[in-house]
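J.: Given next are the chains, with one letter for each unit.
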Amino acid sequence: MKNKEDNSFLAFRRFLFWIFVASFFIFTPLILLHSLGYKFDKKHKIFVKTGAVFIKTTPAKAVIYWKGERLKNLSPCILRDILPGEYKLRMEKKNFYPYSLILKIKPSEVKTVEVTLLPKIKGFDKADVECNVYKFFYTRHFFREKILLFTSCGLYTLSPDFGSIHHIGRWSLGAAVLSSIVGLRENNQTIIFWSHNAAWRITKTTKSRSEILPELIYKTNEKINDIFFALEGRYIIVWDGLNIIALDSRFPQAKFNLYQLKSVNAMVFYSSGSDTLYIKDKISSNHYSLFETKLSRLIYGREKN
Amino acid sequence: MEEKKIKRVLEIIPAFFSWLVIITFVVSFAFWPRGAVILLMVYLIYWTLRLFYMSILLVIAHLRMRRKRDWDWEKIIRSLKSSLQWDEVIHAVLYPVYREPASLIVESLQALAGVNYPKNKIMVILAGEERERGIEEKLGRIKNKFKDIFFDIIITIHPKDLEGEIPAKGANSTYAAKKLVEYLREKKIALEKVVVSCFDADTRPHRNYFANLTYHFLTYPKRYQASFQPIPVYSNNIYKVPALARIIEMGSTFWQLVESMRYEKFVTFSSHAISLKTLVEVDFWPVDLISDDSLIFWKCFLKFRSDYRTLALDVPVYMDIAAGKNLWETLKIQYLQKRRWAQGVENFVFLGINFWKDKELPLSLKISKLYQLLDNNVNWATWAIVISIISPFIITAGNLTMKDSLVLFNLSYINNIISHALVFVIVLSILISWEFLPPRPLHLSRLIYISFILQWLLIPLVSALLGSLPALDAQTRLMLGRNVSFYYTPKGRYKEGKREKVDLTL
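Sequences listed follow chains A and B, in order. Per the numbering used here, residue 1 is the first one in the first sequence, and the count goes up by one each step. Per the numbering used here, residue 1 is the first one in the second sequence, and the count goes up by one each step.
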């Protein structure tokens with residue numbers, strides 16, 4: 001009796017034991033592969049390495065948009081099996097400003113996104129812009145007004161009422177450069193922006209589909225006070241310390257001095273409509289006066305010389 | 001000379017593997033954190049599955065015990081048709097005692113007197129140690145109190161410093177069993193009909209213990225090639241001891257329940273029973289080793305060429321939870337007691353040496369039994385340390401050094417899932433442990449049950465501190481060749497830090 005009972009239980013226990021052994025050998029490799037970020041790509045029938053993102057918001061329970069699609073899960077949540085690449089993530093919660101960003105997912109890595117959503121202030125709208133905003137410039141070109149936004153994710157243009165937003169492209173400019181920008185000029189084809197000791201240019205040729213490669217067109221040890229487009233954009237005029245310098249738009253490295261100011265307190269203004277350069281400068285030890293000249297005369301005269 | 005070398009190697013092996021497991025985790029985390037995380041993940045999966053497997057066995061064992069415990073075993077054995085009749089069987093209950101208070105022994109004998117079995121078939125051997133001053137007088141007074149209840153009460157005093165012996169329970173039990181044999185031969189009682197139950201001084205058998213033991217003894221075809229193991233339940237003083245002591249002892253009970261289901265691997269532990277005939281044939285318990293309770297099984301296993309097994313009884317025996325007068329002392333006592341239990345690692349050495357000498361037993365059997373012991377001991381010494389200490393360390397330190405790693409993130413995630421799954425095991429443990437709770441003393445509020453539930457939160461701490469650490473300590477000592485003396489667990493109950501007063505008027 002005892003042996004019979006024993007034997008039947010032994011058979012059951014062995015069955016149970018082998019179930020657990022099989023579970024171990026089946027599930028462990030699967031769990032490990034999954035944990036290491038491997039995912040089976042049914043389409044190409046290969047294992048691909050993925051990454052993940054952990055999203056946490058304060059306050060919690062924010063609606064999450066991943067690649068523009070609303071997810072079922074609210075924050076905090078984890079998104080797994082994401083193929084490497086760039087993705088747009090957006091978090092929204094009622095009575096809080098939405099927050100968006102571009103995430104770069106790398107294989108076998110977990111990106112942690114911890115965001116504190118800002119409560120909406122009555123009467124204040126927030127620009128729905130991804131990443132960190134370093135500088136903005138309000139520009140008026142002909143009759144079109146817009147805002148140019150310098151962010152860690154690239155350059156944006158916004159309509160003055162924030163109604164439309166356009167991401168011109170990403171760039172590799174660091175926080176130090178972006179923070180140092182002090183001025184901007186724009187014409188039909190070109191945007192020039194500068195810090196106190198360098199100037200960059202963005203044109204159609206320096207911009208690919210998604211990436212902007214700003215071209216360094218001027219560098220100085222003095223201090224850039226202002227930059228203008230002149231002669232329908234053929235020249236770029238840089239007011240650099242006591243010098244007024246002209247750069248050829250086609251070859252910015254070809255530059256020449258137009259005028260030497262006498263005082264650090266001088267003022268310069270260029271009217272593109274009349275092609276006139278106005279200069280306030282010192283005429284004697286304590287005396288300043290205003291001068292005007294046609295810039296074209298100055299440039300072509302110089303070129304002739 | 002060669003035997004000495006082999007013995008030394010066998011002494012080193014368990015600790016070597018235990019330390020290897022621990023060091024592998026630590027070193028790999030230092031030099032290859034990703035590898036350590038993967039290793040840990042595999043380890044956690046393995047242990048989770050193992051815990052679930054053991055939980056199923058625990059539930060089955062518990063249900064079996066609950067179903068059969070209260071059967072009318074006396075009636076069953078009376079109706080049995082066997083070559084040996086139930087009333088021919090004499091039960092000799094051996095109590096090796098050393099420094100236990102008289103009150104505790106009295107309570108154990110009172111419980112013995114309360115069993116559902118004819119007392120004239122039960123004899124008691126009170127085995128004292130000469131090293132304890134006044135022992136003869138103490139045991140004499142106890143004998144007087146119970147002399148008319150049992151078949152007989154024999155007092156034996158084990159002389160101190162006998163050659164070839166160490167001061168340990170096994171030596172005392174062996175001396176007493178030899179005296180018992182002399183006594184039985186004098187009385188012309190056949191040794192084949194005597195079953196010896198070797199109890200601790202605080203062991204209180206379930207009322208059906210002897211009837212159930214008799215049943216198994218009579219019905220098992222190879223009754224002289226079997227030991228009989230009741231389920232040890234540590235609950236006599238459960239309402240008076242700190243939670244951490246309750247938890248660790250409940251763990252011991254659970255472990256025995258699980259082991260009772262793996263009967264081809266089941267080994268005697270603590271209070272157990274064996275035929276006196278067998279005991280004589282194997283020359284009694286070992287007198288020079290500490291873990292006499294399990295070694296007796298291996299002695300029999302070798303003697304009967306592996307055709308020997310431990311039968312699980314369907315009834316428990318109740319014992320005290322080792323405790324001191326305060327938490328610190330309880331912790332110390334528990335640690336030392338568990339280290340003594342873990343000194344059972346010497347079974348591996350004993351078996352290894354004997355297997356080496358034995359040229360007849362099949363190699364596969366030798367390997368399987370040695371692996372069984374090694375696996376048990378190495379897991380005992382490492383699992384809780386890895387799960388409760390190394391695993392949180394790797395997760396915490398990893399979060400500082402490799403925060404962006406997906407595999408680390410997933411380890412935390414898996415660890416979290418496993419923790420939630422283990423809640424199920426804990427709930428199961430709470431339910432089963434409830435079964436072993438004796439009635440609540442009236443002066444205690446029902447609120448005490450809250451602590452009996454919350455105590456399970458201490459599991460990670462307790463299992464590392466009083467589970468794995470003492471085992472690692474015992475194995476390391478064996479590896480380093482340090483002699484360890486037998487630790488006599490102080491028995492006695494305390495109330496508000498003072499030894500509880502029990503009626504000593506005998």
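FYI, nobody ran anything at the bench for these hints, they're computed from the structure. Model, not experiment: these values are computed from the prediction. Cβ coordinates follow ideal geometry from the N, Cα and C atoms, glycine included. Hints should not be assumed to be uniformly reliable.
Ranges of calculated distance between the beta carbons of each label pair, as one might list FRET restraints [what the hints assert, rightly or not]:
1) Thr112(A) x Trp328(B): 28 to 34 angstroms
2) Arg64(B) x Asp81(A): 26 to 32 angstroms
3) Phe27(A) x Asn399(B): 44 to 50 angstroms
4) Asn399(B) x Glu232(A): 57 to 63 angstroms
5) Leu431(B) x Asp81(A): 50 to 56 angstroms
6) Asn399(B) x His196(A): 38 to 44 angstroms
7) Ile31(A) x Lys68(B): 47 to 53 angstroms
8) Lys403(B) x Lys219(A): 25 to 31 angstroms
9) Pro460(B) x Lys106(A): 33 to 39 angstroms
10) Lys43(A) x Pro460(B): 28 to 34 angstroms
J.: Take the hints in turn and mark each one as holding or not.
T.: Status of each hint after checking the structure:
For Thr112(A) and Trp328(B), the Cβ-Cβ distance of about 43 angstroms falls outside the hinted range of 28 to 34 angstroms, so the restraint is violated. As the Cβ distance of Arg64(B) to Asp81(A) is approximately 45 angstroms, the hint placing it in 26 to 32 angstroms is violated. The supplied range of 44 to 50 angstroms is broken by Phe27(A) and Asn399(B), whose beta-carbon atoms lie about 25 angstroms from each other. For the hinted restraint 57 to 63 angstroms between Asn399(B) and Glu232(A), the CB-CB distance of approximately 60 angstroms keeps it satisfied.
The given range of 50 to 56 angstroms is broken by Leu431(B) and Asp81(A), whose C-beta atoms sit roughly 38 angstroms from each other. One distance hint, 38 to 44 angstroms for the beta-carbon pair Asn399(B) and His196(A), holds here, with the actual separation near 42 angstroms. Here the CB-CB span from Ile31(A) to Lys68(B) is close to 40 angstroms, at odds with the stated 47 to 53 angstroms. Distance hint check: the CB atoms of Lys403(B) and Lys219(A) are about 39 angstroms apart, inconsistent with the given range 25 to 31 angstroms.
Range check, Pro460(B) to Lys106(A): about 34 angstroms between beta-carbon atoms, so the 33 to 39 angstroms window is met. The given range of 28 to 34 angstroms is broken by Lys43(A) and Pro460(B), whose C-beta atoms sit roughly 44 angstroms from each other.
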